[in-house]
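**Student:** Below are the chains, spelled out letter by letter.
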Amino acid sequence: MKLNGAAILIECLIEQEVGTVFGFPGGAVLPIYDELYKRMDRINHVLTAHEQHAGHAADGYARASGKTGVCIATSGPGATNLVTAIATAYMDSSPVVFVTGNVPQSLMGTDSFQEADISGMTMPITKHNYLVTNVDRLAETIREAFYIASTGRPGPVLIDIPKDVQLAETEYEPLSGPALIPLLSKKKPLAQLRPEGEALEQYKTKAEPRLEKASQLIAEAHRPLIYCGGGVTISGAQNELMALAARVDAPIVSTLMGLGAASASNDRMLGMLGMHGTHAANIAMQRCDLLIAVGVRFSDRALGDASKFAPNAKVLHIDIDRAEINKNVSTTLHITGDAKTVLELLLARVAQKQHAQWMQQARSMIEDYVNDDKFEPRKILKAMSQIAPQMTVATDVGQHQMWTAQHFPFIQPRQLISSGGLGTMGFGLGAAMGAAKSDPQGKPVALATGDGSFRMNLTELSTIGYYNIPVIVVIFNNGTLGMVRQWQTLFFGQRYSQTTLNRGPDFMKLADAYGLNGTRVDNVADFKAAFKAAYEAGKPCLIECMLDIDEMVAPMVAPGSPIDSFCLN
Amino acid sequence: MYMNKDNAQRYTVGVLVDNEPGVLSRVSGLFFRRGFNIDSLAVGTTQDPEVSRITIVVRGDEQKIEQLVQQLYKLICVQKVQVMKPRNSVERQLLLVKVKAGITEREGLMRLVDIFKAKVLDVTKSSMVLQITGENDKIESLMSLLEDYGILELVRTGVVALERGEDVMTSDIFD
Chain A
1 MKLNGAAILI ECLIEQEVGT VFGFPGGAVL PIYDELYKRM DRINHVLTAH EQHAGHAADG
61 YARASGKTGV CIATSGPGAT NLVTAIATAY MDSSPVVFVT GNVPQSLMGT DSFQEADISG
121 MTMPITKHNY LVTNVDRLAE TIREAFYIAS TGRPGPVLID IPKDVQLAET EYEPLSGPAL
181 IPLLSKKKPL AQLRPEGEAL EQYKTKAEPR LEKASQLIAE AHRPLIYCGG GVTISGAQNE
241 LMALAARVDA PIVSTLMGLG AASASNDRML GMLGMHGTHA ANIAMQRCDL LIAVGVRFSD
301 RALGDASKFA PNAKVLHIDI DRAEINKNVS TTLHITGDAK TVLELLLARV AQKQHAQWMQ
361 QARSMIEDYV NDDKFEPRKI LKAMSQIAPQ MTVATDVGQH QMWTAQHFPF IQPRQLISSG
421 GLGTMGFGLG AAMGAAKSDP QGKPVALATG DGSFRMNLTE LSTIGYYNIP VIVVIFNNGT
481 LGMVRQWQTL FFGQRYSQTT LNRGPDFMKL ADAYGLNGTR VDNVADFKAA FKAAYEAGKP
541 CLIECMLDID EMVAPMVAPG SPIDSFCLN
Chain B
1 MYMNKDNAQR YTVGVLVDNE PGVLSRVSGL FFRRGFNIDS LAVGTTQDPE VSRITIVVRG
61 DEQKIEQLVQ QLYKLICVQK VQVMKPRNSV ERQLLLVKVK AGITEREGLM RLVDIFKAKV
121 LDVTKSSMVL QITGENDKIE SLMSLLEDYG ILELVRTGVV ALERGEDVMT SDIFD
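Which chain is which? The protein sequence lines are A and B, in order. Residue numbers 1 to 569, in the working numbering, belong to the letters of the first sequence in order. Residue numbers 1 to 175, in the working numbering, belong to the letters of the second sequence in order.
These aren't lab readings, by the way, just hints derived from the structure by calculation. Given the structure is predicted, the values throughout are model-derived calculations rather than measurements. Careful, some of the hints might be misleading.
Said to hold, decoys possible - A few chain B residues that don't get close to chain A, going by computed Cβ distances all over 12 Å:
1. Ala8
2. Leu30
3. Leu41
4. Ala42
5. Val43
6. Gln63
7. Glu66
8. Val69
9. Leu72
10. Val99
11. Met110
12. Asp114
13. Met143
To be verified - The calculated DSS-like cross-link candidates involving lysine-lysine, where the alpha carbons are at most 25 Å apart (straight line), are:
14. A:Lys186 <-> B:Lys74
15. B:Lys80 <-> A:Lys206
16. B:Lys117 <-> A:Lys206
17. A:Lys204 <-> B:Lys98
Backbone N, C-alpha and C fix where the C-beta goes; we use that ideal spot for every residue, glycine too.
The shape of chain B in the complex, shown without the other chains:
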């Protein structure tokens, strides 16, 4: 009756929490002390000003994720937890990046902006600030291409995700 601890997978977890001071600290503290590795974390208020939504990307096997969900539910500030099925959800993150862009680089960069449906937010004689939204793979590949131009500064949000269809956060995958 031993627990099998292999088979780490990537899970996206949505958590509805009370919009109160200290909530993020309670949630992230739980991840830390129970030994869950967070790939990404994003938090913001929802249409209900008393509720915030946290999206967490985490790695683990099914048993570990089950533990995580149940431990989250023990926090008084947590209202709902949903583990999203990858095929049945949409997820995005946003990247802002400042790249070296002198007169010689500008044209090549603009081509990349076009291909990746990025936006130019700022241009100077020697630099550009670009914005891109998308899934993790798209962001990673743009970043690797931009390395050739010289990345001066970079910031990205955590992943945010919603399930497809008209269902809203109600169901738990674990009974």
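For reference, chain A alone in the conformation it holds in the complex:
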């Protein structure tokens, strides 16, 4: 059938079984929104208040579901508003297809109204991007974009479509199933997310010598440690990881992105590692003699002083992205590949080991907290986890994010939605909205946010209110940009430069203005009651927790210090 480019785009999104797209219309995407209007029975659109948060919503949708998220924005400022969202998705390997309109090609390069070179701008922060110049290439380009975004190490892909390409007509043939895999996959075989059939056999043969060496390293180790990252979540390798830990008899530490895949309910889990890692995790890292790193990229926040990181350990690094090998830490041995596949193959050849003493040593470092009546962040998170242990929790960035990572026991992959790599304040509300929209059962999602971060995205209260998206916003209000204040306290002589937020808004009035239920609490009992009621109601609402301005995130390792040298306990 003959369709215009805009219609082909929407049909191609339907082909990819995209249920919900997030976006914001404008001059250069009018044809796209017109074709969307004609197909509203086949695809949902969520209109946000700002393109950035549509981008974060598509990202949150992808992180929570594992499916590729989609976001649409207009040319110029619409497109540039996406830049932070794209970079956020890129740093955390989240599969999102961003679609932007652009001015007609006849006007491109003339500094015309709302013109911006978004493909040029986003080259460093996308896995790949396209400027589509011919409608005949459009359908294949969209299929390529979904393929690239979701295979290998996932990531965002941007497709910029000039308005004349949206309006030009060409033949379109709907495809489904394997036919959707683009020609590109044959021309340039990208790492498959999970090799199957013949590809798996080929992979096995190739990986054989390395698997053999890996099982030797494991056999020789006395103090093995498993280091779990976001790649385990992406690959869905949590069961294999736990099985390997049991087989090797090793404790587990996790990065921020790996939380949940390394389940907090497992006795082997020592917690998060790094700058705000647990004593147990950081000390085990420094003592281990074999580090089995799976789906991690050895981020500086996890490593501390790289030259003093895991000083006694041989490093076995398993990752799908070959460029991560030997980037920040030299490895003894690496196996490039999908985590689940590699762990399955490894499990088939590793014998049962016993390291009772090492396990006991590692676990003995896990600390308990004193219980008192003070209204503290960790008690909020504990209460949340008691009421809804399996709930998806999104965060913004700062102290509340670290408190959430430390104190909410995440027990399944994709349960924590957080901007790890880029550390984007303002990520949370959009991401929580996207995560909630991705759940077919419509279960509520919590957003743990700070008063600082929340001020960056609170316009989206209108979106969750209008669409009745069940996001429970929990504001950790300490009246300051807490993480910056913490550094000012510790490293800048308590000179609180531009961090005190003594300027509102009144979050209760704000909730009211957006037609949402708001509750302000200053003790654990009231919080529990409010959160339980909110969870059971399953409606968007806001709970403001009044906290001390001097609350800190502890433990803490100063940047660039060895990770067992804590500056705050």
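With chain A's structure known, arrange chain B on it following the hints.
**Tutor:** Below, chain B alone, put in the same frame as chain A:
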């Protein structure tokens, strides 16, 4: 398990890429943002009109070059990357130079042209345009000799290189 970041060496890297708009920008942007120093870059189409070949001369230690190769492979437009071993490859660059050449200088210049197997492309009463091809050292030494005559204008291409023998770009040095 710390990375040793010494031992910078000169590497010549051949990259086969899709012949598409924006490709050079993707490749050079990657070099810039990952902090690789490019000594020279040359690009042109190949016998296959859909494929271009980029030759890059870059400095770094082995780990840095390994990173570079792997990062290049992540670009969708990159088909093959080859780090060439200096002893096993041939490389050339081309220099065009306009020098002051009055009646008194002309003869001396012609002697240099002869020694360096250069070519004279243009002669006027007061200037000459010379062309020379060769490896970096040869070009540099001619340039230093020409300085005595007065270089008016100069342009040089980047290095282009091929491996010796019948092997074509297929192998990666890093697994």
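**Student:** Each hint: holds or not?
**Tutor:** Hints, verified against the model:
1. Ala8: holds, 17 Å
2. Leu30: Since the minimum Cβ distance to chain A is about 8 Å, Leu30 (chain B) lies within 12 Å and the statement is violated.
3. Leu41: holds, 17 Å
4. Ala42: Its Cβ never comes within 12 Å of chain A, the nearest being 21 Å, so this holds.
5. Val43: About 17 Å separates Val43 (chain B) from the closest Cβ of chain A, which puts it past 12 Å; holds.
6. Gln63: violated, 6 Å
7. Glu66: Violated: least Cβ distance 6 Å, not greater than 12 Å.
8. Val69: violated, 9 Å
9. Leu72: violated, 9 Å
10. Val99: Fine: 39 Å to the nearest Cβ keeps Val99 (chain B) off the interface.
11. Met110: holds, 47 Å
12. Asp114: Holds: least Cβ distance 48 Å, greater than 12 Å.
13. Met143: For Met143 (chain B), whose nearest Cβ neighbour in chain A is about 35 Å away, the distance exceeds 12 Å, so it holds.
14. A:Lys186 <-> B:Lys74: At roughly 16 Å apart (the allowed maximum being 25 Å), Lys74 (chain B) and Lys186 (chain A) satisfy the hint.
15. B:Lys80 <-> A:Lys206: holds, 19 Å
16. B:Lys117 <-> A:Lys206: violated, 50 Å
17. A:Lys204 <-> B:Lys98: violated, 60 Å
Of the numbered hints given earlier, the model fails hints 2, 6, 7, 8, 9, 16, 17; all others are met.
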